[in-house]
Amino acid sequence: MQATSNNSPAFRLEGLTKTFYPMIPWHRHRAVQAVKDVTLAVPRGSIFSLLGPNGAGKTTTIKMIAGLVDPTSGRIAFHGEDGRELRRRPPLGAVLEGSRNLYWRLSPLENLYYFGELKGLPLAQIKREAEELLGMFDLADKARGSTQTLSRGMQQKVAVAVALLGSPDILLLDEPTLGLDVESSRLIQRRLRQMVEQQGKTIVLTTHQMELAARVADRIGIIHQGRLIAEDSLANLTAFFRRQDYELLLLAREWEKLAPEAAQFLFDAEAAGTNGEMRVTFHFDSPEGFYALVEKMRRLQTAFTSFKQVTPSLEEIFLEITRHYPAKGGGAE
Amino acid sequence: MMRTLKLARAEVVRTVLLTIRYPIEFLVGLGIMYSIFMGLFLGASALVQDPKVLAASLDGFVISYLMWFFVISAMNRLAFHVQMEAQMGVLEQLFLNYPNILGLLLVRSVVDFFESFAVVLVLLMLIMVTTGRWLAIGWSNVGEVLLLIVVTVAGIYGFGLIFAGLALMFKRIGQVGSITQFGFFLLAYLPIEQTSGWLQITLYSLPLTLGIRLLKAVVVHHESVFGEANVVLLAALALNSAVYLLVGSVVFRLCERKSRIDGRLGQY
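Residue numbers (the numbering used here), protein chains in the order written: chain A, 1 to 333; chain B, 1 to 268.
Don't read these hints as lab results, they were simulated from the structure.
Covered by chain B, per the in silico footprint, the following chain A stretches (three or more residues, Cβ under 8 Å): (1) 68-74; (2) 100-109; (3) 112-119.
Pairwise CB distance ranges, derived in the manner of DEER restraints: (4) B:26 with A:183: 32 to 42 Å; (5) B:182 with A:70: 33 to 43 Å; (6) B:1 with A:145: 34 to 44 Å; (7) A:81 with B:198: 51 to 61 Å; (8) B:178 with A:229: 46 to 56 Å; (9) B:183 with A:27: 24 to 34 Å; (10) A:73 with B:1: 35 to 45 Å; (11) B:201 with A:70: 38 to 48 Å.
Positions of the beta carbon are idealized from the N, C-alpha and C atoms, including for glycine.
Work the whole structure out from these sequences, hints included.
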């Protein structure tokens with residue numbers, strides 16, 4: 001996927017670090033470094049997905065971007081301007097995980113009006129946008145009922161709609177589809193892509209749902225134990241990891257002949273289906289290994305059904321990258 | 001300025017909607033305050049046997065009670081907003097959409113004041129009808145009464161901001177609020193006029209006490225707040241309230257800053 005608009009960053013993080021200290025001064029040795037020296041530029045008009053396990057520092061990072069948590073050190077710049085002064089930040093919309101984000105006792109429409117007024121929008125604009133947003137998220141018929149009676153998915157859609165009021169350039173979404181049914185999740189994903197492609201919005205979403213990131217993100221950052229350990233487009237990440245793994249599909253009796261010769265490259269072997277076939281995965285540290293295996297197969301005249309380069313899923317890429325960073329404590333959502 | 005007015009409108013609408021939608025909550029609150037008053041009133045009537053003494057002190061009794069109601073509304077509401085909104089998970093949205101959260105709370109204070117004022121009016125009518133004691137508030141002194149209420153309550157909102165700041169950092173501070181309410185209850189009924197020296201100065205430097213004294217002067221003793229004896233006290237009350245409001249704002253800002261550093265804004 002490619003960024004759809006120009007590539008000047010919507011915002012840039014430089015050496016962003018956050019350490020949480022306990023309130024009791026003599027417990028300072030129990031400080032938790034949640035985010036460590038994160039440097040990152042998110043292009044305008046793109047979706048950036050921050051992936052990481054629980055406690056990796058995703059939420060802390062997104063809250064620092066939103067101005068809800070002060071960084072211990074480092075800098076955030078929006079459109080090249082220092083973002084430390086909250087009033088000088090561009091308008092941001094955000095939906096935060098673990099929060100309701102809405103007044104449940106008010107209706108979706110009343111929430112939209114209340115937050116619209118808080119944002120300083122004129123009533124006519126709130127009315128127009130509220131109608132558009134409720135329509136966009138298929139909520140028009142639920143607009144006047146109590147928010148607390150809506151399903152989790154509908155509440156999340158209302159929260160995203162509220163975040164979109166006033167058409168902020170940057171939208172921060174923390175686990176936006178967590179716990180949603182497939183239909184609601186897909187609808188939100190579609191709307192996010194539309195907003196990027198048609199309106200040039202910049203969206204940052206944190207998730208540990210690999211499928212969501214793979215489906216909508218232009219760029220992916222992997223955060224682990226507070227550090228941003230990889231950041232690239234899905235295509236580049238896939239290309240990078242694709243080079244090393246190959247999958248061979250062959251009959252079990254053929255594999256029995258080849259196995260002793262190929263043991264040094266073997267990564268995994270398992271039965272595939274019910275027709276006596278085996279799926280064997282090889283991992284090569286260099287192209288020479290691949291050529292050596294092909295030569296052995298040629299010599300043994302190994303018959304096979306298919307032999308192809310493995311395209312790793314984002315989940316596999318994530319596991320591969322994080323495997324090199326064993327748990328050392330630290331990190332916090 | 002326009003944005004502040006928009007905010008005020010939004011807060012009024014939200015408050016009215018929630019009051020209309022949950023009337024039982026409102027009515028039960030009113031009933032509890034009325035019951036507490038009647039309990040105190042009947043207790044006082046039983047204790048004071050001399051009808052003349054009783055009649056002389058009842059007006060002050062009613063004023064102290066109503067001002068105490070203002071105190072608990074002013075003090076608790078701001079902290080309650082913060083605590084409930086943290087619990088409901090909307091506090092961070094407020095910070096995101098209106099970064100000047102102190103400004104938002106000050107606007108809420110004004111809206112809350114009008115709501116409390118409406119409740120006090122209803123409560124006062126109920127009390128006056130039930131007890132047969134009609135406070136001497138008329139066209140001649142209603143302006144002075146309102147002025148005194150506004151200036152007194154402004155200082156208490158300063159106290160409320162301190163509690164709101166603490167709620168921002170620690171979230172559950174209900175017990176501290178209860179103890180402070182009790183403290184203010186004592187202040188409302190203490191015969192401070194009978195104390196002297198530093199004790200009297202200290203007690204009058206607290207919020208509420210000067211305001212109640214002046215209100216009693218206007219309503220019970222039919223004095224003018226702009227009279228020679230009272231105008232100095234009025235100036236002292238205004239200064240007192242301004243200081244509490246300022247201190248409350250500073251403490252709130254410090255708590256807000258600390259909460260941002262500690263990442264506690266959204267925690268509950």
